[in-house]
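I would like the entire structure built from these sequences, with the hints used as guidance.
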Amino acid sequence: MQRIDHEQRNLAGLTPTEQIAMNTAGCLLLRELFGKTRSSLDTDWLALSQAKKAAICAIARQPRGELMCATLPALPHARREAIRLAVMALEYQGEFRGGCHLKTWHPPVTTTSTRDIEREKKERAARLRMKHAVLAGREMCRQGPRPIGQ
135 MQRIDHEQRN LAGLTPTEQI AMNTAGCLLL RELFGKTRSS LDTDWLALSQ AKKAAICAIA
195 RQPRGELMCA TLPALPHARR EAIRLAVMAL EYQGEFRGGC HLKTWHPPVT TTSTRDIERE
255 KKERAARLRM KHAVLAGREM CRQGPRPIGQ
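With my numbering, the residue at position 132 of the sequence shown is 266, and numbering never jumps.
It is possible that part of the hints are untrue.
Here are the simulated lysine to any residue pairs, SDA-like style, with alpha carbons at most 25 Å apart [said to hold, decoys possible]:
id, residue 1, residue 2
1, K186, L206
2, K237, A270
3, K186, D176
4, K186, A208
5, K187, L224
6, K237, L206
7, K187, R198
8, K237, E215
9, K186, L148
10, K237, K256
11, K187, M222
12, K237, L219
13, K187, R231
14, K256, A270
15, K237, L209
16, K237, A181
17, K237, S247
18, K187, L206
19, K187, P241
20, K255, K265
21, K186, I251
22, K237, K255
23, K186, E225
24, K237, R276
25, K255, T238
26, K265, R253
27, K265, P241
28, K187, L148
29, K187, A223
30, K265, I251
31, K237, R253
32, K186, S247
33, K186, A159
Simulated restraints, written as ranges between beta carbons of each label pair [unchecked claim]:
id, residue 1, residue 2, range
34, A159, E225, 27 to 33 Å
35, R263, N157, 51 to 57 Å
36, P210, T177, 18 to 24 Å
Just so you know, these hints were derived from the structure itself, not from any lab. Positions of the beta carbon are idealized from the N, C-alpha and C atoms, including for glycine.
Rendered as structure tokens:
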């Protein structure tokens with residue numbers, strides 16, 4: 135029988151190794167709950183049975199052949215939305231870790247705003263002007279002193 139050192143146990147009555155194991159399991163569970171990323175959407179789609187995929191494609195009116203091994207995020211928005219609605223119609227939401235939430239299926243497109251682009255252009259132009267001024271100053275210093283007006 136294993137002798138337990140009660141001083142080593144925490145308030146929950148767990149030894150340090152048990153606590154580490156529990157924390158790891160908890161982290162994995164949290165990662166699964168919050169892992170609503172594109173890759174998990176793909177993983178879930180590819181894990182579906184062929185019959186379920188065929189049913190989804192039939193209801194979504196999508197060509198079955200190309201979608202059997204396709205990656206969902208690579209599809210155009212309209213096609214992905216049709217598949218999402220078909221999954222909901224068939225009540226297969228449980229097959230996807232993120233369910234059928236819009237944010238999971240259609241993550242926001244990361245685009246740079248026009249304001250940021252304009253700001254970057256101005257900053258680049260200012261840096262270029264400063265560089266030219268420094269080069270001109272260096273060139274003037276290299277030629278030595280000159281009389282005023284020449």
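> Within a Cα-Cα threshold of 25 Å, do K237 and R253 meet the stated pairing?
Replying inline: 30 Å, violated
>> Please verify whether K255 and T238 have alpha carbons no more than 25 Å apart.
In response: 34 Å, violated
>> Hinted pair, alpha-carbon criterion (25 Å max): K186, L148. Please report holds or violated.
In response: 43 Å, violated
>> Check whether the Cα positions of K256 and A270 lie no farther apart than 25 Å.
In response: 21 Å, holds
> Does the alpha-carbon distance linking K187 and P241 stay inside the 25 Å limit?
Replying inline: 22 Å, holds
>> Can you confirm whether the C-alpha distance between K237 and A181 stays at or below 25 Å?
In response: Holds - the C-alpha atoms of A181 and K237 are around 21 Å apart, at most 25 Å.
> Does K186 pair with L206 here, judged by a C-alpha cut-off of 25 Å?
Replying inline: 15 Å, holds
>> Against the 25 Å threshold, does the CA-CA distance of K237 and A270 hold or violate the hint?
In response: 54 Å, violated
>> Next pair to validate is K187 with L206; report whether the Cα-Cα distance is within 25 Å.
In response: This hinted pair holds, its Cα atoms lying about 12 Å apart.
> Does M222 lie within 25 Å of K187 when you go C-alpha to C-alpha?
Replying inline: Judged against 25 Å, a Cα distance of about 13 Å means the pair holds.
> Straight-line Cα separation of K187 and A223 no greater than 25 Å?
Replying inline: Holds. K187 to A223 sits at ~13 Å (cutoff 25 Å).
>> Within 51 to 57 Å: is that where the Cβ-Cβ distance between R263 and N157 falls?
In response: Since the Cβ atoms of R263 and N157 sit about 55 Å apart, the hinted range of 51 to 57 Å holds.
Violated hints, in rising order: 2, 9, 10, 21, 22, 24, 25, 27, 28, 31, 32 and 33; the structure is consistent with all others.
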